[in-house]
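**Student:** Residues per chain, in single letters:
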Amino acid sequence: MKGGKTVREFFTSKTFSLLLIVVVLMALFTALTDGAMVAPLNIRNIFKEMVIMSFLGVGAAILMLSGDIDLSAGAIGSFAGCILALGLTESELPSWFCYVLALLTGAACGLVNAFLVNALHFQSFIATLCTSSVLGGTGFMLIGGQGLKVKGVALLNWLGDTKLLDGLLPVTVIISLAFIVVYGVILARTRFGRSIYLCGGNRNAAYLSGLYPTRLSYILFMNSGFLAAISGCVYVSQVKTAYANSITSYQFTGLTASILGGVSFMGGAGGMGGCFLGMLVLSVFYNGVTTMGIDYNYRTIFNGLLLVGGLSLDAVNARRRVRQVLKQSLVAASPPSEQEG
Amino acid sequence: MNLKSALRSAAGSRDFWLVLVLIAVLAVFALVNPLYLSFNNIKNIMFSVSVSGVMMVGIAALLISGNMDLSAGAVGCFATIIGARLMNAGVPWGVAVLATVAVGAACGFLNVLMAYKLGIMPFIGTLGISFVWQGLANQVTHNAAVHIENESFWKLGAGKIFDIPVVFIYVALLCALYGLFLKYTRFGRRVYICGGNRFAARLAGINHEKVGAIMMVNCSVLSSLAGVILASRMHEITPTNLQTTSTMSAITAALLGGVAFMGGVGAMKGAFIGLLLLNAFKNGLDMLGMDAYWQIIANGLLLITAIIVDYINQRSLQNRLNRKVNEVNE
Amino acid sequence: MEQYVEFRGIGKAFPGVQALKDVSFRMNGGRVTALIGENGAGKSTLLKILSGDIAPDEGELIINGERKRFSHPNEAIKTGVSVIYQERQLIPALSVMENIFLDDLPCNRAGILKLKEIRRQTREIIDGFGLSIDPAIPVARLPVAYQQMVEIMKAYRRNSRVIAFDEPTAPLTDAEISVLFKLIAGLRDEGKVVLYVSHRMAEIFQVTDDIVIMKDGRLAETRETAETDERSLISAMVGRDVGDTYSRLSRNDKLGDVLLEVSGLETERVHNVSFTLRRGEVLGFAGLVGAGRTEVMRALFGVDKVLSGEIRLEGETVSFTSPRRAIDAGVVLCPEDRKEQGLILPRSIAENISSPVLKKVSRGAFIDRGAEKRLADAAIERYSIKTPTVEKITYELSGGNQQKVILARWTSDLMTTKVLILDEPTKGIDVGAKAEVYQMVCDFAKEGKGVIFISSELTEVLSLCDRIVVMREGYVNGELTREEATEESVLALAMADAGVM
Chain X
1 MKGGKTVREF
11 FTSKTFSLLL
21 IVVVLMALFT
31 ALTDGAMVAP
41 LNIRNIFKEM
51 VIMSFLGVGA
61 AILMLSGDID
71 LSAGAIGSFA
81 GCILALGLTE
91 SELPSWFCYV
101 LALLTGAACG
111 LVNAFLVNAL
121 HFQSFIATLC
131 TSSVLGGTGF
141 MLIGGQGLKV
151 KGVALLNWLG
161 DTKLLDGLLP
171 VTVIISLAFI
181 VVYGVILART
191 RFGRSIYLCG
201 GNRNAAYLSG
211 LYPTRLSYIL
221 FMNSGFLAAI
231 SGCVYVSQVK
241 TAYANSITSY
251 QFTGLTASIL
261 GGVSFMGGAG
271 GMGGCFLGML
281 VLSVFYNGVT
291 TMGIDYNYRT
301 IFNGLLLVGG
311 LSLDAVNARR
321 RVRQVLKQSL
331 VAASPPSEQE
341 G
Chain D
1001 MNLKSALRSA
1011 AGSRDFWLVL
1021 VLIAVLAVFA
1031 LVNPLYLSFN
1041 NIKNIMFSVS
1051 VSGVMMVGIA
1061 ALLISGNMDL
1071 SAGAVGCFAT
1081 IIGARLMNAG
1091 VPWGVAVLAT
1101 VAVGAACGFL
1111 NVLMAYKLGI
1121 MPFIGTLGIS
1131 FVWQGLANQV
1141 THNAAVHIEN
1151 ESFWKLGAGK
1161 IFDIPVVFIY
1171 VALLCALYGL
1181 FLKYTRFGRR
1191 VYICGGNRFA
1201 ARLAGINHEK
1211 VGAIMMVNCS
1221 VLSSLAGVIL
1231 ASRMHEITPT
1241 NLQTTSTMSA
1251 ITAALLGGVA
1261 FMGGVGAMKG
1271 AFIGLLLLNA
1281 FKNGLDMLGM
1291 DAYWQIIANG
1301 LLLITAIIVD
1311 YINQRSLQNR
1321 LNRKVNEVNE
Chain V
2001 MEQYVEFRGI
2011 GKAFPGVQAL
2021 KDVSFRMNGG
2031 RVTALIGENG
2041 AGKSTLLKIL
2051 SGDIAPDEGE
2061 LIINGERKRF
2071 SHPNEAIKTG
2081 VSVIYQERQL
2091 IPALSVMENI
2101 FLDDLPCNRA
2111 GILKLKEIRR
2121 QTREIIDGFG
2131 LSIDPAIPVA
2141 RLPVAYQQMV
2151 EIMKAYRRNS
2161 RVIAFDEPTA
2171 PLTDAEISVL
2181 FKLIAGLRDE
2191 GKVVLYVSHR
2201 MAEIFQVTDD
2211 IVIMKDGRLA
2221 ETRETAETDE
2231 RSLISAMVGR
2241 DVGDTYSRLS
2251 RNDKLGDVLL
2261 EVSGLETERV
2271 HNVSFTLRRG
2281 EVLGFAGLVG
2291 AGRTEVMRAL
2301 FGVDKVLSGE
2311 IRLEGETVSF
2321 TSPRRAIDAG
2331 VVLCPEDRKE
2341 QGLILPRSIA
2351 ENISSPVLKK
2361 VSRGAFIDRG
2371 AEKRLADAAI
2381 ERYSIKTPTV
2391 EKITYELSGG
2401 NQQKVILARW
2411 TSDLMTTKVL
2421 ILDEPTKGID
2431 VGAKAEVYQM
2441 VCDFAKEGKG
2451 VIFISSELTE
2461 VLSLCDRIVV
2471 MREGYVNGEL
2481 TREEATEESV
2491 LALAMADAGV
2501 M
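Protein chains in written order, with this note's numbering: chain X, 1 to 341; chain D, 1001 to 1330; chain V, 2001 to 2501.
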C-alpha cells in the first residue's frame, strides 16, 4: 500500500497529519500539566483507555466501510459485561465459559441487528438505536442501577491486572493491539477485506460481480457485536464491576475516531491504519483533558464537536466525489477533464 | 352515508384502529388494576402527555417534511436550563421563557447549517450535536437539578379547567393548531409535498431547503417549550429529564400515529392518538409496579413494531403508485 | 393567435456523442404531433429541452413567437409547458385536488386554503374531462390510468398551452387508452399544442395529426398522419451509411454446436422467451427501450426470479440463484447502468477489474497484489484506458474510460467465460473505442465462446451479429439471420404488434 510513495506524498498524507496531531497534543498537554502527561503511569493509562475504545472503534470502522452503522455497540458491550458478571457471581459455571457466553451474547445481539436491517429493511441507524434501548433496559433490569461487583475470580483478575514486560504492558493492551493488527491485515490484504470495501462502495455492483452483500452484512453485524462484547468484558475485568451502561460513551468515541481517521461515513473508503491513529489522537486528547482535571462533561461535549467536525470533513470529500461523477455523466454539458480513449 | 359504508370507511382508517387499540390498552390495564382509570391516574397520564406532546408535535411536523432531528430532547433540556438559571438570577419569567425559546431556535439553526451547508446526514449530525447540548447541560448544572423559585412561573403549568390540567389543554390545542395548519394552509401543503416527492416539489418551484429549515427550527423551538412546561410543573429542571430517550419516545408516538419515517405521510390527529397510546401504555406499566427499565425496553420494542408497520404501509403505497390496480375505489 | 412551438436549429452534445444536430420543425396548436424515432434518435433529449431540464448548445426554442431559454423546469411550467413523464410525479398521500394544484392552491391572504373553491374548481375540471373521480381521494388509491389523468388535469389546470406525453400508454389497458385518447382529442380541440412521443404505430395512426421523424439526432422528415403508412414511416426512420467501422472487422466464420438454450422463460417482466446461442456466434438482441431484453438477461444471470421455463448450458439444465453462480458457470453479464450497477466508484481501477475473480488473484485468503496488477495492466492495455496507474480511483475517470473499465472487468484474462452477455456496451464511447469493442466481440466468438449483444443501435446489431432476436414489450417478436435482416425489418418487428406486418 505504501510502496513507491514519495517523501512529499507522505508529508501531505492523512497519516502524517494525524501523527503530527498526536505529537502536538502530547507536547501541549505535557506543558499544561507540568509533565504529568508523560509519566509512565499516565502513558499506561492512555493505552488502557484506548483498549476499551479500540474494540468498539474497530467494529465501527469495519461496519462503516461496508455501508452500515451500529449504534447499539455500547449497549451490546455493556450487556455482555453484565452477562459475564452474572455468570461469574451467580452461577457455578467455570470462568472461561462465562467469557465465552458473554462473547456469544454479543454475536447474538449482532445477529438481531443484521436481521432487522437485512430481512426487515430497517435503516441501520434506527434499527441499532432500537436494539440499544431494548438492551439498555434489559441490562438495568438484570443488574440494577448500582452495578454488580465481581470479586475473587482468578481469570478476571488476571486479564484485568496482569502486566507483562516488567509491569509496563497490560495484557489487555496486547490483546487490543493484536486485534487491531489482525483486522487491519484482513481489511487490507485479504479477499474478505476486499469484499467489505467493494460491498460498501456499491452494493448492487458488488452483487453483480459475484459477491454476497447480505451475507457480509450479517457477518459484520455479528462481528461488531462480538467485538463490543470483548470491550465490555475487558471493562469488567479492569474495573471488577459491571454496569448496565458501562461502555456506551466509548461507542461514540470509537465512531468519532474512525471518522477522523478517514473512514468514510458513506462507506467504501478508509482503513485500519487511519482508524488506529484516530483512536490514538482521541485517547491522548481525552487523557490530557482528564489529567488537567477538566470535568468529565467536557469530554461529552468534545466528542459531539469532534463527531460533527469529522462528519463535515467527510461530507466535503463525498461532495467532491459526487461532483466529479456528475461531471462525467452523460447529462453533463461540459467536457470531461481527462482525454477520452 | 349509511351505517355500512360508514363502518367500511372507518375500517380503512388508521386512526380508527389506533383508537381501538387505545381503548383495548386502557381496558386491559384497568382490569388488572382498577385504580388505573381513577381520575388521579388519568391526570398523571395527561401530565406525561403534555410534556412529550409538545416535543412530538415538532418532531412529527419535521418528519412529515422529510427530515429528522435526534437532538430535540437535548436541545429542550439545555435551553430550559438556561431559562431556569436566568429566572433564579432574578430575570422575570416571561423574559426567561423567551430566552429559552431563542436558545432553542439557535440550536435549530445549527441543525440547518449542518444538514444543508455542511451536507451532513441529519440523523448522525443531530445525534452528534446532541452530545454537545447534553454535556453542556450536565456541566452547567453540575449534574444536579436546578430548582426554580419563581412562583408566578409555577402558575404557568398549574391550574385546571373543569378539572382537566391546563397543560393538557395546551398540548391538545397545539396539536389541533398544527394539524389544522398542515392541512388547511398553503405552507402546510408545501410541507407534505417536500416530504412526499422532492422532484415534484422542485418542479412546482418549491424551495425544499427553506421548508426543511423552517421545520427544523420549529422542532427545536417546540422542544424548548416542552422543557418550559416540564420545568413549570416540576418546579425544577434536571439534566437527565429530557434526553435522547425522550426524543425517541416522541418519534415512536409519531410513527405509531401514522407519520411515515420517510416523510410526506401522516396527520397530527393520528400522531396525537399515538401519543395517548404510548403514554397510556407507559403509565400502565408503571401502575403494574414494573421498573423504569421495563419502560425503556417497551419503548424500544414499540418503536420496532411501529417501524415495521410503517414499512409495510409505505411499500403498499409505493406499489400502488407504480403498478396497475384494477378496481376503482370511489 | 394560434399557438405554436418551434424548434430552430437545435443542437446538443454530450461527452462522446452528438445527441441533436440542427433540428428544426414546428408544432401547431390544435393538432397532435407525434415524435418518433429509434432509441438514440434524440427524442428524449428534445423533450428535456422543451421541459426545461437541460439547455441546448445551439439553436432556439420559440413558443408563440417568443424565444424561450429555460434554466429550470419550473420556468417551463410557468410558461405553459407541461410534460407528462412516464413515471408519475405525484405525491401519493395527498388527494387528487391537492396534486392538481400543488403549490398553487387558492388561499386567502393569511395562507388558509379556500377548500370550497378548490373542490369546486377540481370538480369542474374532472367533469370537463368526462370523468368521475372523488377529488378528495388520495392519489395512491387510484389505478394507474387515473393517476395519469390526474397528471393531465394538473397540466390543464395550469392552463398549459403545450402538453407533451412521453410513452403514456405503456401501463394502460385498452379501455383506459380510449379514455386517454378522448382526453387528448379534447386538448387538441381547445387549440393546445400536443406532442405525443411513442413507438406504438397503431396509436400514432389513431390519435395524431402530424408526424415528426427523427434519426440519429437529426430531423429526417415531417409528414401528415393521414398521408402515410407504417411501412414508409419505418423506412424513413432507418437507412444510413454503415461506414468503415465494420468493414475492417475480422469476424468469426465457424459456428459450433448449441451452447445455450432458453425455452419458455417466464419472469415478472418477460413472457415465453425462447432462443438458442451457438458456440462462436454473436447473437444480437434488438428492440426498443422497455422491450424486456435486459430483463431476460437478468433472469439468465441469476438476478431476477425465473417463474417458469428452462435454461440449458452445454446440454445441462441450469438455474442460477445468484450472479456468483452464473459467473462460476461461465455466464457473464456486463450491465447497462454504469453508475448504479457497474462501477464501484470509490475503489480503484484494479479493484474494480478484479472484483469477480478475487479468488483467482489470491493465494489462499490473501490477495496477490502482483497478480492483480498484471491483470489490470493487461486490461488497460487492451482497451487503451487512459490512466497513469491502475490504482486510480474510478470516480476520477471520464465517462468513456469508466465504461471501458466495466468492460475490462467482464472480459479480463482471468474470467472463464462461456457466454458473454453485453448490455449496450458501446453507450457513451466514441467511435475509435467502439471499434475496439467490436473487435473484442469478434475475437471472443473466434475462441468458441458465445456472445449475446444487446444494443439499440441498429447498425451495430446488423453489422456485428450473426442472428438477431427482436423483442417487443416482454415477448420475442421475431428472429432474423444476418442475411435476412435489414434495418427496416428489425425496426418493424420492434414496433409492430406481434403478427402484424
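Calculated directly from the structure, the hints in this document are not laboratory data. The C-beta atom is built at its ideal place from N, Cα and C for all residues, glycine as well. Heads up, some of the hints might be wrong.
As the list claims (entries may be wrong) - Here are the in silico distance ranges between beta carbons for each label pair:
#1 V:D2229 with D:S1013: 52 to 58 angstroms
#2 V:P2106 with D:R1198: 23 to 29 angstroms
#3 V:D2104 with D:F1162: 56 to 62 angstroms
#4 D:I1308 with V:Q2086: 55 to 61 angstroms
#5 D:L1173 with X:L19: 55 to 61 angstroms
#6 D:K1210 with V:R2374: 53 to 59 angstroms
#7 X:I43 with V:G2370: 52 to 58 angstroms
#8 D:I1308 with V:G2191: 51 to 57 angstroms
#9 D:L1007 with V:D2127: 57 to 63 angstroms
What the hints assert, rightly or not - Result set (DSS-like, lysine-lysine): computed pairs, CA atoms no more than 30 angstroms apart in a straight line:
#10 V:K2427 with D:K1210
#11 D:K1210 with V:K2116
#12 X:K14 with V:K2339
#13 V:K2048 with D:K1183
#14 X:K14 with D:K1117
#15 V:K2078 with D:K1117
#16 D:K1117 with D:K1043
#17 V:K2339 with D:K1183
#18 V:K2386 with D:K1210
**Student:** If a hint holds in the structure, say so; if it doesn't, say that too.
**Tutor:** Hints and how they fare:
1. V:D2229 with D:S1013: 52 to 58 angstroms: 55 angstroms, holds
2. V:P2106 with D:R1198: 23 to 29 angstroms: 24 angstroms, holds
3. V:D2104 with D:F1162: 56 to 62 angstroms: Once the Cβ atoms are compared, 43 angstroms apart, the range 56 to 62 angstroms for F1162 of chain D and D2104 of chain V is violated.
4. D:I1308 with V:Q2086: 55 to 61 angstroms: 32 angstroms, violated
5. D:L1173 with X:L19: 55 to 61 angstroms: Taking Cβ atoms as reference, L1173 of chain D and L19 of chain X lie about 59 angstroms apart, which means the hint holds.
6. D:K1210 with V:R2374: 53 to 59 angstroms: Because 55 angstroms falls inside the window, the suggested range holds.
7. X:I43 with V:G2370: 52 to 58 angstroms: 40 angstroms, violated
8. D:I1308 with V:G2191: 51 to 57 angstroms: 53 angstroms, holds
9. D:L1007 with V:D2127: 57 to 63 angstroms: 30 angstroms, violated
10. V:K2427 with D:K1210: Outside the cut-off at roughly 39 angstroms; violated.
11. D:K1210 with V:K2116: Between K1210 of chain D and K2116 of chain V the Cα gap is close to 29 angstroms, so the pair holds against 30 angstroms.
12. X:K14 with V:K2339: 28 angstroms, holds
13. V:K2048 with D:K1183: Roughly 34 angstroms separates the two Cα atoms, so the pair is violated.
14. X:K14 with D:K1117: 24 angstroms, holds
15. V:K2078 with D:K1117: 29 angstroms, holds
16. D:K1117 with D:K1043: At roughly 44 angstroms apart (the allowed maximum being 30 angstroms), K1043 of chain D and K1117 of chain D break the hint.
17. V:K2339 with D:K1183: Violated, at roughly 39 angstroms.
18. V:K2386 with D:K1210: Violated, at roughly 43 angstroms.
Of the numbered hints listed earlier, those contradicted by the structure are 3, 4, 7, 9, 10, 13, 16, 17, 18.
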